[in-house]
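Engineer: In case you want the letters, here they are:
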Amino acid sequence: MTVQKEKLLSVDNLKVYFDIYPPNSLPWTKPQKLKAVDGVSFDLYAGETLGIVGESGCGKSTLARAVIKMVPAEAGKVMWLGTDLLTANKRAMQKARADLQMIFQDPLASLNPRMTIGDIIAEPLKTHHPEMGVTERKAKVKEMMAKVGLLPNQINRYPHEFSGGQCQRIGIARALILKPKMIICDEPVSALDVSIQAQIINLLMDLQEEMGLSLIFIAHDLSIVQHISTRVMVLYLGNVCEITTSEQLYKTPRHPYTQALISAVPIPDPDYEKSKEVILLEGDLPSPMNPPSGCVFRTRCPKAQAKCAELKPMLEDAGNDHQVACFYAD
Amino acid sequence: MIVDQKKMENLADNLMAAEEVQGRSLWADAARRFSHNKAAIGGLVTLTLVVLFTLIGPSFAQWSNEEIDWAVLGQVKTMGAPSIESGHYFGTDELGRDLYSRVIQGTSISLMVGVIGSFVAVVVGTLYGAIAGYVGGRVDNFMMRLVDIFMSIPYMFVLILLLVIFGRSLNMLFIGIGLISWFDMSRIVRGQTLSIKNKEFIEAAVAAGVSNFTIIMRHIVPNLVGIVIVYASLLVPGFILAESFISFLGLGVQEPNTSWGALISEGARTMQYGTLWQIGFPLFFFTITLFSMFFIGDGLRDALDPKDR
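From first to last, the protein sequence lines stand for chains A and B.
Heads up, the first sequence is in this note's numbering, so the first residue is 1 and it goes up one at a time.
Heads up, the second sequence is in this note's numbering, so the first residue is 1001 and it goes up one at a time.
If we strip away everything but chain B, and leave its shape as in the complex, we get:
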């Protein structure tokens, strides 16, 4: 018995003196779940490769995206096909410009549109929705009805008007997409906030005397991040598609710059002449990027959605 007691005491001492145990946060759990999702990891790898391609690709290019290869012009079908010898790895477009450089340039613009759009959606939408949801009452009513009104205006129409009135520029495109991007996000965040706001840990914070702003930033936003990340990852392809559509209509990015939508639009026009590479390459990048984004979004949702836990 005495020995046992000693042992117990030793054990207790050891426990007390032990190093601080590192807890496993919900983020770590989510990361582990995400890493077990093969489709999502595949998507992540593909997306990384696409991004790397836009960063490293230009150093292998032999032609710039605006240079016209006069030797090819006029006989694109025969001379402009993809070949390593001529330096046009992906062939040329109708005007004899190097498609390789143009795809790289278009990819970076399209990705940027997606990322900037969802960044604005995340920052503005989260704060707007969290404030509306947390404050509640009249403020909430006013803020959300305002969003309803904005949403009832067809956004494509607004975007096209913006681009027509202020001229077609890249900045205008970003502003236009940023302006409309956060409506849905703010609604989702507000709904989520309403359910978090009545949890007891918020009450505990109020009882401790924590200020409203700190409660939103410390207690509400971190608990929203899961759903926000998931939704943002699903928004990115949406913006890329929207930009592509606008560029397809001929209103988006201005020459000599280009984007996936513009490239696909050009490629579609020349398809009947047999220059299929002009639509094939941009379409390939467009498709694999969107696919991997959707897979990543799916993986994130599975990893972060608390209902699955």
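Chain A with its partners taken away, still in its complex shape:
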């Protein structure tokens, strides 16, 4: 379906481990490894939106941050238009940063309270085009503000004078000012009111169409992900369970974890909701410091068998642009 498209980003077997020192340990004790992201691979094509879903602590944000090198990766490759970002030198990285921007979860916390929003939006311009004149920069900032639905005459205001939705628009303007190729949205709407969520999501989709952006969209809310994404990746404990088009994921989920997730999405129809069968998972998310052997999901999986504890299921192509990591996928 999307085979012909230009491949922007290709992540291969990315691993992010954090060193955890036990409390009151001596300086020379070996740290324990927390496997936040454990061998994730995916591709991102130009103009598409890849949704990343999964419960809290499954490594969604860490994965996104590792891709743009804000968290050091342990192993793997992040190929961005033919260069590996993980081994790229400072200059190549700086050049790539102009094309890779990010939108954050907390709208107000992601804006420096001491700077006017004009300065905030202009910061990437200042960094990547220091030669640009003040008037030209200001004109660009105003143009971008109008584009994201802010009044350009408010350029000298401060972040605390805006509402949450407006602050998120400022964050979007800052991410778009360099006309990047890809934007990582780290739960951009989960801190917002539901009615504002729709506005922001639709703004993002309009801008995506207009500017030909690719998005990596991280969210908790499955219905939002379904609305915005072309393809969706489901993460569990730093591992990919399933990658497929959003249509197929919601219609025919194949991994038992995805099935449980999808069945838990509330549907605004009381009658249907009553008759719907929700798959409840037993137990809690295992600790990423000490993940289960074999398949990480086996401790809570209704279909787990002896084989799951021994071997780790690889992500396998099930045809029709659908990849699943499970021995007993339907």
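If you're looking for bench data, these hints aren't it; they were derived computationally from the structure.
What you are looking at is a predicted structure, and each value in this text was computed from that prediction instead of being measured.
From the three backbone atoms N, C-alpha and C, an ideal C-beta is built for every residue, glycine too.
Any given hint could be a false lead.
As the list claims (entries may be wrong) - Covered stretches of chain A (chain B as the covering partner; in silico rule of three or more C-beta atoms under 8 Å from a C-beta of chain B): (1) 99-112; (2) 124-130; (3) 147-157.
Unchecked claim - 25 Å max Cα-Cα, derived DMTMM-like pairs, lysine to aspartate or glutamate: (4) B:K1197 / A:E74; (5) A:K138 / B:E1203; (6) A:K95 / B:E1203; (7) A:K30 / B:D1140; (8) A:K69 / B:E1200; (9) A:K126 / B:D1140; (10) A:K179 / A:E210; (11) A:K69 / B:E1203; (12) B:K1199 / A:D19.
Chain B: place on chain A using the hints.
Structural biologist: Below, chain B alone, put in the same frame as chain A:
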């Protein structure tokens, strides 16, 4: 409906074309809060008056601070009392020197000690703490343990040693106070930096490719300034007190120069002879200055502390 639509469009046009709105910064907010604090404004006025007194006062003086009035010497109790006719507005000290000039001179030195001390504390402490906090890891550990070691040396002892070894001079006093002034500040700033460093706007700056030094100067330091100003304003009286103590011990400022501490020390010695003005005037200036500094510091804290917002 049509009319409404037109109106709406006009309104939209007006909004778009309107002049740039001037936002109200957090500084402006803080200034407004500060100006509503009566004690702080009173302190500011008093402090300004004291500073003005040291600037304008000398032009009214009839005696210099080192001149000895031989007519008074030996009968200070009767002849050296404060009077306008003799030109000794605040009376004379034990040696017949004009107390008015000496108080002015002492005030300026004491204020200078306070201001220079906290200036060094602000500049060195802020940068040191911000760098340690932002870089983190081993660098942070090394830098902060160094401060711990410095702090564990009793500073009065170091200051006294410095003054004894290199001789008692004003510069040595400034250097001594500057050397020790920034430890506490760097600790406070480092702690604050640690909490700012994990905010999302720092992450946003990193993602935009802003260099580390620029992040410290553009994003971290401006967000520290509030707490730094508050703490610096509370440091000033501390330095004045420290200098006074050293001068009281007889190690600080050298004659004929003087400072509040030296003046109070002299005044305390002659108190039993009944020449109370010799301690009264320096003590008065000392007290009102410290009081107003504390009030200003309090006001600044109320105005700038983000927790109250």
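Engineer: Please go over all the hints and tell whether each is borne out by the structure.
Structural biologist: Against the structure, the hints:
1. 99-112: holds (count 10)
2. 124-130: holds (count 3)
3. 147-157: Check passed, 7 qualifying residues.
4. B:K1197 / A:E74: 23 Å, holds
5. A:K138 / B:E1203: 24 Å, holds
6. A:K95 / B:E1203: With Cα atoms ~18 Å apart, K95 (chain A) and E1203 (chain B) stay inside 25 Å; holds.
7. A:K30 / B:D1140: 21 Å, holds
8. A:K69 / B:E1200: 15 Å, holds
9. A:K126 / B:D1140: Given that 25 Å is the threshold and the Cα spacing comes to 29 Å, the pair is violated.
10. A:K179 / A:E210: Cα-Cα ~11 Å, so holds.
11. A:K69 / B:E1203: 11 Å, holds
12. B:K1199 / A:D19: The hint holds at about 21 Å.
Of the hints listed earlier, the one the structure fails to meet is number 9.
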